[in-house]
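Protein chains: 2
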Amino acid sequence: MTAQRRAILEELRGTDAHPSATELYEMVRRRLPRISLGTVYRNLEIMSEEGLALKLEHAGAECRFDGNVAPHSHVRCLGCGRISDVPMDIPRELVAGAAKASGYRIAGCRLEFDGWCRKCGRKRRGRCGADGA
Amino acid sequence: MTAQRRAILEELRGTDAHPSATELYEMVRRRLPRISLGTVYRNLEIMSEEGLALKLEHAGAECRFDGNVAPHSHVRCLGCGRISDVPMDIPRELVAGAAKASGYRIAGCRLEFDGWCRKCGRKRRGRCGADGA
DNA sequence: CTCCTATTAGTAACCATTATCATTATTAAC
DNA sequence: GTTAATAATGATAATGGTTACTAATAGGAG
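Which chain is which? The protein sequence lines are A and B, in order.
Throughout, my numbering is defined as the position within the first sequence, counted from one, plus 4.
Throughout, my numbering is defined as the position within the second sequence, counted from one, plus 4.
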């Protein structure tokens, strides 16, 4: 394992901020100033395949990465864009229901939430629901 | 409403194939050969905001569009890429659980399935689970 | 150390999507 | 029907995240 790959993995494991490839690139660059963005992408891809990292392809947004490999869902804050973990299992019945409703053999599923984090929610006190403001 | 927007909406409503912007562009082009791709994108965006169309931002894939505006989930076939409807509600408890687990005020959520459609599943008889083959 | 293979840095290419802008269509008022 | 104000169009350029390419370099087995 090269120094670059090790550094990327360590930085990823040292945060719960779900960094994008570019953010990770900036983080690793403090240690390895000559690393290239392509190297970060390549290694993240490889480590995702190997199960060392999780590639979060949240709909309509750039990819983010997670050093926490255990299956879990995520919420994205509509205010600040932050992504947080949602330690929650997807009920088996839900997957079974989807299989029945669609006729597909279900192999995987993602549950993605959008919402307002505590900080952003405080600024919006009184308002509620799914408005876009 | 312009002829272009009307044509886009009619084509979208006339299919359940969840076309991408480019596919829709090809479809509409048969009627309006001089329409531009930008116009298709612009109108799909506008109609999504107006609630006339649904923009499906399935993780890690190009956007697809749906003329069926009722809330529902989707499965993508890992074999052929086809997207099908999953007429299923997301349980309230799931959203409530996510709110509790994350501290966010949840505004929306997406449930995305990957799997094998009947046709592709037949070719894979015997195998099961979430392998990538 | 030496050869072989994998990986790197740097850069160019890709592709879906947006933005720009001069021209053209639509609408509402007369 | 004309006109003036406004909105939408087509064509193309720009953007941004990601992938592909390549010559140079690093790692590791023997």
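Just so you know, the hints here were simulated from the structure itself, not pulled from any lab data.
There could be a bad hint or two in this list.
Note that the list lumps identical chains together, so a pair holds whenever it fits in one copy or between two copies.
[What the hints assert, rightly or not] Listed below are the simulated DSS-like cross-link pairs for lysine-lysine, each with C-alpha atoms no more than 30 Å apart in a straight line:
{"#": "1", "residue 1": "K59", "residue 2": "K104"}
{"#": "2", "residue 1": "K59", "residue 2": "K123"}
{"#": "3", "residue 1": "K104", "residue 2": "K123"}
How the hints compare with the structure:
{"no.": "1", "hint": "K59 with K104", "result": "both (28 Å within a copy, 25 Å between copies)"}
{"no.": "2", "hint": "K59 with K123", "result": "both (26 Å within a copy, 29 Å between copies)"}
{"no.": "3", "hint": "K104 with K123", "result": "between (40 Å within a copy, 15 Å between copies)"}
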